[in-house]
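Colleague: This is what each chain is made of:
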Amino acid sequence: MKKPGITDSFLLKDVLKKNEVHANRYSERIVIFLFLFYVVIAVLNYLGLYERDVPDNYQIYFALASILGVGVLAGRFIPSSAQKWVLFVAFILSNAVCRCFFYVFSTLIYTIPIFLSVAYYNKKFTWRISIVAWCFFLATVAFVRNTHLASHSIEFILFASALPQTIVLLLSALVCTRIAGLGRVLVVKQSKNAQKISQMEQEIALSAHIQSNALPLPEYATANGEMSLKAAMIPAKEVAGDFYDYFMINDFTLGVLVADVSDKGVPAAMFMMSARNSIRYAAQDAKTVEEAIRIANKLLIQNNDGDMFVTLWLCGIDIRTGLAHYVNAGHLPPILKRANGRIEMIENEPDLFLGVFESMEPRAYFFQMQKGDQLLLYTDGVTDAENIYGASFGLGHLIQVCRGDRVDVDLLCDGVVKAVHEFREGREIFDDMTVLAVEFHENFVPIYLKMDLPAKQESVSKVIDAINEKLESVDCSEENRKIIDVVIDEICVNIVDYAYDGQDGNMEVEAEIGPNYIKMKFLDSGKEFNPLLVKEPSEDDLLVEGGLGIHLVRNMVGSMEYEYRDGKNCLTILRKNY
Amino acid sequence: MQIESSLENGALKVALDGRLDSTTADELGAFFEKNLDDKFTNIILDFEKIDFVSSKGIRVIVAAYKKLGGRPISIVNSNSSVKEVFRLSGLFKVFDVK
Chain A
16 MKKPGITDSF
26 LLKDVLKKNE
36 VHANRYSERI
46 VIFLFLFYVV
56 IAVLNYLGLY
66 ERDVPDNYQI
76 YFALASILGV
86 GVLAGRFIPS
96 SAQKWVLFVA
106 FILSNAVCRC
116 FFYVFSTLIY
126 TIPIFLSVAY
136 YNKKFTWRIS
146 IVAWCFFLAT
156 VAFVRNTHLA
166 SHSIEFILFA
176 SALPQTIVLL
186 LSALVCTRIA
196 GLGRVLVVKQ
206 SKNAQKISQM
216 EQEIALSAHI
226 QSNALPLPEY
236 ATANGEMSLK
246 AAMIPAKEVA
256 GDFYDYFMIN
266 DFTLGVLVAD
276 VSDKGVPAAM
286 FMMSARNSIR
296 YAAQDAKTVE
306 EAIRIANKLL
316 IQNNDGDMFV
326 TLWLCGIDIR
336 TGLAHYVNAG
346 HLPPILKRAN
356 GRIEMIENEP
366 DLFLGVFESM
376 EPRAYFFQMQ
386 KGDQLLLYTD
396 GVTDAENIYG
406 ASFGLGHLIQ
416 VCRGDRVDVD
426 LLCDGVVKAV
436 HEFREGREIF
446 DDMTVLAVEF
456 HENFVPIYLK
466 MDLPAKQESV
476 SKVIDAINEK
486 LESVDCSEEN
496 RKIIDVVIDE
506 ICVNIVDYAY
516 DGQDGNMEVE
526 AEIGPNYIKM
536 KFLDSGKEFN
546 PLLVKEPSED
556 DLLVEGGLGI
566 HLVRNMVGSM
576 EYEYRDGKNC
586 LTILRKNY
Chain B
266 MQIESSLENG
276 ALKVALDGRL
286 DSTTADELGA
296 FFEKNLDDKF
306 TNIILDFEKI
316 DFVSSKGIRV
326 IVAAYKKLGG
336 RPISIVNSNS
346 SVKEVFRLSG
356 LFKVFDVK
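In order, the protein sequence lines correspond to chains A and B. In the working numbering, each residue's number is its place in the first sequence (first place is 1) plus 15. In the working numbering, each residue's number is its place in the second sequence (first place is 1) plus 265.
Keep in mind that the hints were calculated from the coordinates and are not lab data. Watch out, some of these pointers could steer you wrong.
27 Å max Cα-Cα, derived DSS-like pairs, lysine-lysine [as the list claims (entries may be wrong)]: (1) B/358 with A/497; (2) A/497 with B/363; (3) B/278 with A/497; (4) B/348 with B/314; (5) B/278 with B/363; (6) A/302 with A/497; (7) B/332 with B/299; (8) B/348 with A/211; (9) A/207 with A/252; (10) B/314 with B/363; (11) B/299 with A/497; (12) A/485 with A/465; (13) A/252 with A/433; (14) B/331 with B/348; (15) B/348 with B/363; (16) B/331 with A/477; (17) B/278 with B/314; (18) A/550 with B/332; (19) B/332 with B/363; (20) B/358 with A/477; (21) A/211 with A/252; (22) A/591 with B/278; (23) A/433 with A/471; (24) B/348 with A/485; (25) A/302 with A/465; (26) B/348 with A/550; (27) A/550 with B/304; (28) A/433 with A/485; (29) A/302 with A/204; (30) A/28 with A/139; (31) A/433 with A/497; (32) A/550 with B/331; (33) A/302 with A/313; (34) A/550 with A/485; (35) A/485 with B/363.
One side of the interface only, derived from the structure: several residues of chain B facing chain A at Cβ under 10 Å [as the list claims (entries may be wrong)]: (36) 282; (37) 287; (38) 296; (39) 299; (40) 307.
Just so you know, even glycine gets a beta-carbon here, dropped at the ideal spot from N, CA and C.
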């Protein structure tokens, strides 16, 4: 951004320059008017229709007109800063000539250029014009002394004519200078305000940009295509209070949400960013959607000095099974379009909105998505959209759009947005509008395996072989199978060697093999031992028993959890994307 | 596990066959115990026929390395998952693994 000071004077210069051009045009118009006036008088006089007691005075009228005409013409060919001088000098000169030949005792005619000069909002210019006018006035007094007023004494001319007229001119000059000065102050203020406004507009545009970047991409599919979604957010003003979001709550849960902040414009946009971050942050740690909402609500209350709140509909969908848990915080119920085309509303008794009530205890409800089911989330900007006749789009209309032929989420989402646009018939949007469509593509049933074997060396290869067989059946590459073998070997051998101190005991292994992941649980009833607390070995520690194996495992799996429950060590590991 | 060794140009070349895991690591350990003398300058472990190495196997090799007092051990013909085990153990810095 430019330095404010520099931009300031640049802008002011521009404004004054523009004003000068306008004032020149106006002055020119006045001069042209006078020019035409003299021409008409001259013609009338020539034709004998207008007589004055000065003989041949039509020539004088023509002379006056020509002075003004030359001024206007000359002014056209020079820069606008010089143009005003040419115009004004021509004007004053014509005044002087006029004053010489006709009995015009009034100074009125000299005051006109002074008044006119105010249009330039330039004190100096008004003063200079006043001085020029006064000089010409004195010259005419001297000239007239030698002609028409010869009969009057010098004293009379000075005290009864020149002095009072000088005072009139001086007062006019004082008043006009003041007005020009005040005008300039206003112009400066206005240009500063204009600059501030344009800066604010820039900032709002920038905020809108930041905000739209903060929303995730409008298209998303989970790593193995279990689910896909498409979203759209159309703000009513430049910045919006609506938003959509999606994120993985844990390895197998896709969270999707739409939300609507209670206000519009910049304050709502700021609250929206805060709400979005709070929910994302809360969802990271929370085990369930209701816990995420409860945490997000607390965070939002801390940061909410205004009286804003946010309604939202959040749902966590298990990408393996399609089981969806949701929380409705004062939001509109989404539409579930089943694979067979049937439309269902996901309705429940909504919980309170977020950001106001500390005591909010959201409840989660659930529903089951089957292969091909599509869920449509939306904000009230969709249903409340009005057309030029004041009718709202309405839920019925929205359901009708959903009832159409089966299409993918892209077309479903775009179709809703398009239908609302068509309905509005060009009427402006009053409220932000958000739509998110998500589809569940696959119910994958994982392979489960459970073994309970004596904690003996020969059991290790049994476990490895059994799991390998299943891995082969789901096309796990040989390379990945080898790595998984190492993991099983390290953990099982650890149990065999250390869990029971040479006594007999059992080890249980549970495996869950999905389309692109393996989850294994190892249990033993031996002495309590948390392998996660084993430090990463340094080079010298490589000889120490135990450390290296767990280090290897840790590096080979995506996540590893340990708990000691009911007298059993339970180590759970997950390896994704084999 | 089968272990075959030979002296080639001053290097002790050890070819292994089988799995190098908790059950077999001791066999290699015993082999090193017997054969680490002053007659060679370095050890080359041929892993062509090894498709599995666990942390115990690695520990035996590290123990041998320490006994050698600076004489290098290199590992040749290892497959990608075996290489991965060495990489994850941070041993690329210590052994030349190919």
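Colleague: Against this structure, judge whether each hint is valid.
Modeller: The hints, checked one at a time:
1. Restraint check for residue 358 of chain B and residue 497 of chain A: the C-alpha separation of about 23 Å stays at or below 27 Å, so the hint holds.
2. Restraint check for residue 497 of chain A and residue 363 of chain B: the C-alpha separation of about 18 Å stays at or below 27 Å, so the hint holds.
3. For the hint pairing residue 278 of chain B with residue 497 of chain A, the CA-to-CA distance comes to about 26 Å; that is within 27 Å, so the pair holds.
4. Between residue 348 of chain B and residue 314 of chain B the alpha-carbon distance is near 13 Å, which keeps this suggested pair within the 27 Å criterion.
5. Between residue 278 of chain B and residue 363 of chain B, the direct Cα distance comes to roughly 14 Å. Compliance with the 27 Å bound is thereby established for this hinted pair.
6. About 32 Å separates the Cα atoms of residue 302 of chain A and residue 497 of chain A, which puts this hinted pair outside 27 Å; it is violated.
7. A distance of roughly 12 Å separates the Cα atoms of residue 332 of chain B and residue 299 of chain B; the hinted pair therefore holds under the 27 Å criterion.
8. Proximity of residue 348 of chain B to residue 211 of chain A is assessed by CA-CA distance (about 64 Å); at most 27 Å being required, the pair is judged violated.
9. Using a Cα cut-off of 27 Å, the hinted pair residue 207 of chain A and residue 252 of chain A holds, with the two alpha carbons roughly 25 Å apart.
10. Restraint check for residue 314 of chain B and residue 363 of chain B: the C-alpha separation of about 14 Å stays at or below 27 Å, so the hint holds.
11. A C-alpha spacing of about 31 Å is found between residue 299 of chain B and residue 497 of chain A, which places the hinted pair above 27 Å, so the restraint is violated.
12. In summary, the hint linking residue 485 of chain A to residue 465 of chain A is supported, as the alpha carbons are separated by about 12 Å, within the 27 Å threshold.
13. Only pairs whose Cα atoms come within 27 Å are accepted, and residue 252 of chain A paired with residue 433 of chain A is accepted, the gap being roughly 19 Å.
14. For the hint linking residue 331 of chain B to residue 348 of chain B, the alpha-carbon distance of about 21 Å falls within 27 Å, and the restraint holds.
15. Between residue 348 of chain B and residue 363 of chain B, the direct Cα distance comes to roughly 8 Å. Compliance with the 27 Å bound is thereby established for this hinted pair.
16. A C-alpha spacing of about 34 Å is found between residue 331 of chain B and residue 477 of chain A, which places the hinted pair above 27 Å, so the restraint is violated.
17. For the hint linking residue 278 of chain B to residue 314 of chain B, the alpha-carbon distance of about 14 Å falls within 27 Å, and the restraint holds.
18. Proximity of residue 550 of chain A to residue 332 of chain B is assessed by CA-CA distance (about 25 Å); at most 27 Å being required, the pair is judged to hold.
19. Proposed proximity of residue 332 of chain B and residue 363 of chain B is supported: the alpha carbons are some 22 Å apart, at most 27 Å.
20. Between the alpha carbons of residue 358 of chain B and residue 477 of chain A the distance comes to roughly 34 Å, so the proposed pair goes past 27 Å and is violated.
21. Among the hinted pairs, residue 211 of chain A with residue 252 of chain A is consistent with the structure: their alpha-carbon atoms are about 20 Å apart, no more than 27 Å.
22. Simply put, residue 591 of chain A and residue 278 of chain B have alpha-carbon atoms about 38 Å apart, too far for the 27 Å limit, and the pair is violated.
23. Restraint check for residue 433 of chain A and residue 471 of chain A: the C-alpha separation of about 66 Å exceeds 27 Å, so the hint is violated.
24. A distance of roughly 25 Å separates the Cα atoms of residue 348 of chain B and residue 485 of chain A; the hinted pair therefore holds under the 27 Å criterion.
25. Of the supplied pair hints, the one linking residue 302 of chain A and residue 465 of chain A holds, its CA atoms being roughly 26 Å apart against a limit of 27 Å.
26. A threshold of 27 Å between alpha carbons decides the hint, and for residue 348 of chain B with residue 550 of chain A the separation of about 23 Å falls inside it, so the pair holds.
27. A hinted pair counts as satisfied when its Cα atoms are at most 27 Å apart, and residue 550 of chain A with residue 304 of chain B does not qualify at roughly 38 Å.
28. Distance restraint check for residue 433 of chain A and residue 485 of chain A: the Cα-Cα separation of roughly 48 Å exceeds the 27 Å cut-off, and the hinted pair is therefore not satisfied.
29. Among the hinted pairs, residue 302 of chain A with residue 204 of chain A is inconsistent with the structure: their alpha-carbon atoms are about 57 Å apart, more than 27 Å.
30. With a CA separation close to 16 Å, the supplied pair residue 28 of chain A and residue 139 of chain A stays within the 27 Å bound.
31. With a CA separation close to 52 Å, the supplied pair residue 433 of chain A and residue 497 of chain A exceeds the 27 Å bound.
32. Between residue 550 of chain A and residue 331 of chain B the CA atoms are separated by roughly 22 Å; this keeps the pair inside 27 Å, and the hint holds.
33. Annotation: proposed proximity of residue 302 of chain A to residue 313 of chain A holds, straight-line Cα distance about 16 Å (limit 27 Å).
34. This hinted pair does not check out: residue 550 of chain A and residue 485 of chain A have alpha carbons roughly 33 Å apart, beyond 27 Å.
35. The straight-line distance between the Cα atoms of residue 485 of chain A and residue 363 of chain B is roughly 31 Å, outside the 27 Å bound, and the hint therefore fails.
36. The criterion of a C-beta within 10 Å of any C-beta in chain A is not met by residue 282 of chain B, whose closest approach is roughly 17 Å, and the hint is violated.
37. Given the 10 Å rule on beta carbons, the hint for residue 287 of chain B holds: about 4 Å separates it from the nearest Cβ of chain A.
38. Hint status for residue 296 of chain B: violated, given a least beta-carbon distance of 18 Å to chain A, over 10 Å.
39. For residue 299 of chain B, the interface hint is violated, the least distance from its beta-carbon to any beta-carbon of chain A being 19 Å, above 10 Å.
40. Interface restraint check: residue 307 of chain B against chain A, minimum CB-CB distance 19 Å, threshold 10 Å, status violated.
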